[in-house]
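Visitor: One-letter residues, chain by chain:
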Amino acid sequence: MSFLEIRNLTATLSNGMPILRDVSLSVAAAEVRGLVGESGAGKSMIGKAILGILPRSVRITRGEIRLDGTDLLALPPAERRRRIGQSCALIPQDPLTALNPSRRVGPQITDRLVDILGWTRSNAEARARDLLAEVQIPEPERVMRSYPHELSGGMRQRILIASAFAAEPKLIVADEPTTALDVTVQKQILKLIAGMQARHGTALLFVTHDLGVVSKVCQRLSVLYAGMVVEDTDVRGFFSAPDHPYSRALLAATPVYTDPEASLTPVPEAVITAVRAEVAAADRRAGRG
Amino acid sequence: MADLYTIENLRLSLADMTRRPLLGTAPQLEILKGLNFSIPKGSVMGIVGGSGSGKSTLGRAMVRLLEPSSGQIRFDGQDIAHLSDRELRPLRRRFQMIFQDPLSSLNPRHTVGTLIAEPLRLHGFDDVQGRVGRALDHVGLPRSFLTRYPHELSGGQRQRVGIARAIAIEPDFILADEIVSGLDVSSQAQVLRLLEDLVRELGLTLAFISHDLSVIRRLCSRVLVLYRGEIVENRETAALFAAPEAPYTRELLSAIPLPDPDQPWG
Numbered sequence: 001m002s003f004l005e006i007r008n009l010t011a012t013l014s015n016g017m018p019i020l021r022d023v024s025l026s027v028a029a030a031e032v033r034g035l036v037g038e039s040g041a042g043k044s045m046i047g048k049a050i051l052g053i054l055p056r057s058v059r060i061t062r063g064e065i066r067l068d069g070t071d072l073l074a075l076p077p078a079e080r081r082r083r084i085g086q087s088c089a090l091i092p093q094d095p096l097t098a099l100n101p102s103r104r105v106g107p108q109i110t111d112r113l114v115d116i117l118g119w120t121r122s123n124a125e126a127r128a129r130d131l132l133a134e135v136q137i138p139e140p141e142r143v144m145r146s147y148p149h150e151l152s153g154g155m156r157q158r159i160l161i162a163s164a165f166a167a168e169p170k171l172i173v174a175d176e177p178t179t180a181l182d183v184t185v186q187k188q189i190l191k192l193i194a195g196m197q198a199r200h201g202t203a204l205l206f207v208t209h210d211l212g213v214v215s216k217v218c219q220r221l222s223v224l225y226a227g228m229v230v231e232d233t234d235v236r237g238f239f240s241a242p243d244h245p246y247s248r249a250l251l252a253a254t255p256v257y258t259d260p261e262a263s264l265t266p267v268p269e270a271v272i273t274a275v276r277a278e279v280a281a282a283d284r285r286a287g288r289g
Numbered sequence: 001m002a003d004l005y006t007i008e009n010l011r012l013s014l015a016d017m018t019r020r021p022l023l024g025t026a027p028q029l030e031i032l033k034g035l036n037f038s039i040p041k042g043s044v045m046g047i048v049g050g051s052g053s054g055k056s057t058l059g060r061a062m063v064r065l066l067e068p069s070s071g072q073i074r075f076d077g078q079d080i081a082h083l084s085d086r087e088l089r090p091l092r093r094r095f096q097m098i099f100q101d102p103l104s105s106l107n108p109r110h111t112v113g114t115l116i117a118e119p120l121r122l123h124g125f126d127d128v129q130g131r132v133g134r135a136l137d138h139v140g141l142p143r144s145f146l147t148r149y150p151h152e153l154s155g156g157q158r159q160r161v162g163i164a165r166a167i168a169i170e171p172d173f174i175l176a177d178e179i180v181s182g183l184d185v186s187s188q189a190q191v192l193r194l195l196e197d198l199v200r201e202l203g204l205t206l207a208f209i210s211h212d213l214s215v216i217r218r219l220c221s222r223v224l225v226l227y228r229g230e231i232v233e234n235r236e237t238a239a240l241f242a243a244p245e246a247p248y249t250r251e252l253l254s255a256i257p258l259p260d261p262d263q264p265w266g
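Just so you know, the protein sequences line up as chains A and B, in that order.
Counting along the first sequence from 1, when you hit position 120 you're at 120 in the UniProt record's numbering, and nothing is skipped either side.
Counting along the second sequence from 1, when you hit position 136 you're at 136 in the UniProt record's numbering, and nothing is skipped either side.
These are calculated hints, taken from the structure and not from any lab test.
We put the beta carbon where it would ideally sit given N, CA and C, even for glycine.
Where hints are given, some of them may not hold.
For lysine to aspartate or glutamate, the following EDC-like pairs were computed, each having C-alpha atoms within a straight-line distance of at most 20 angstroms [stated by the list, open to error]:
#1 A:Lys191 with B:Glu251
#2 A:Lys170 with A:Glu64
#3 B:Lys41 with B:Glu236
#4 A:Lys191 with B:Asp262
Far from chain B by the CB rule (all over 10 angstroms, computed), these chain A residues [claimed, not checked]:
#5 Met1
#6 Arg56
#7 Arg59
#8 Arg62
#9 Pro76
#10 Glu79
#11 Asp94
#12 Arg129
#13 Gly212
Examples of chain B residues lying across from chain A (beta carbon under 7 angstroms, computed) [as the list claims (entries may be wrong)]:
#14 Gly50
#15 Ala189
#16 Leu213
#17 Ser214
#18 Arg217
#19 Glu251
With the rest of the complex left out, here is chain A:
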């Protein structure tokens, strides 16, 4: 059974407008699932729903988020937070805003271990040093005493990766973790995340808008449009023969330097109209808005 099982997850804004529509997906241990779609498709919302950090304006109206068989949404809030804290972690997009600029890096990694998981300070520090070494940070001792502004973007992202893996979570949500980085640094960081995930056997939900990145790090993927999963497939099948017209259109719009004569077609109006009709039909069947 998969470690993460989401079933029929539906969420709406306070005005009743649906932003997730019957989303179902699963991630097994040691598996990487990509969540792709254009901005506003709801891919980050799914990660936030799992981690219990949805904006106040968003309400889950239906569905299950099962971690290791237990439905998080059926638990009392304190118990839910404890479960999430023990088994899940986030690798955020922007390493600068995710780190407190006025505190040294070391305590920002160890606090979580001490405060939430009840480790001793010295155990937590030893663990942080090991993890910083594993993410190939030279001189971990010195880096732990540094402030975020003293480190490069790539270094800060490595620190957040170390921090995410520190408590051996069963599931990590990575939300566009390399979008702000140079392409050469992006490659190092992606290889690092993929290597760590494989070694630690972590289930990884990888949110990205970049199909190139998906083809390098994911085994399965879900394509989202307007909060609805339009395709759930394995990566190899997707890139050789995408099933849904919207998926095919997304691939056709992606420029690749090896094929400059490719037409670089924006997603055609007809495809948008058709996928919107699908969304509307699903809403009618479910009696939504």
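Based on these hints, arrange chain B on the given structure of chain A.
Guide: Relative to chain A, chain B alone:
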């Protein structure tokens, strides 16, 4: 073909604020270290490099938002490297710049129509309303957008308005700095196609700064690769992609994740 820009031994230093002492002035950091290149009229030059390579600084020097420390920037024969603001004013109509999100830097309380009209009024054009309308036509937006506000538009639409604002005053040269990086692939494809059409129809010369070599490959006739303030490669696009010469260009190319699970990605 004649060159619109000829740049010789361009150097530019800025104050290094990360090493500013508590009292006194910050030390100077050399960002551009003696660049030489030219841009033929009617061509599209891609400028690529990593963060800190100096690509945006180079762009800002070319449209004289920054003054170089030394060297020449000849625009249509005239050296503009050290012209004063007053001397630059008549030239400003001839080169325009488009940013990653042009409308976030503009007054959010102005309508699209007012925003596009602003540079036209500033440069004393007649028939402002007619020109604004035609600029919208060129970028494929309906005239009903004239009364919209920036926050009502999608990212791709905002970028089109930014382009309309730039082409309304009929410049010879447009500098586009990472203008598609924030966009979804579909809007990106639309904006790239629009730029291709505009270059052809209006005879524009374009410099296109980007970190995305796949986008550069599609749009540009030549590519300039910058690394730490120096040009490491400056060649015709097809030749550069067929056989990249500089080690940094090779590194950049091999780092791009192509949407293909079978691509070897060492």
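Visitor: Would you list, in rising numerical order, the hints stated earlier that this structure does not obey?
Guide: 13
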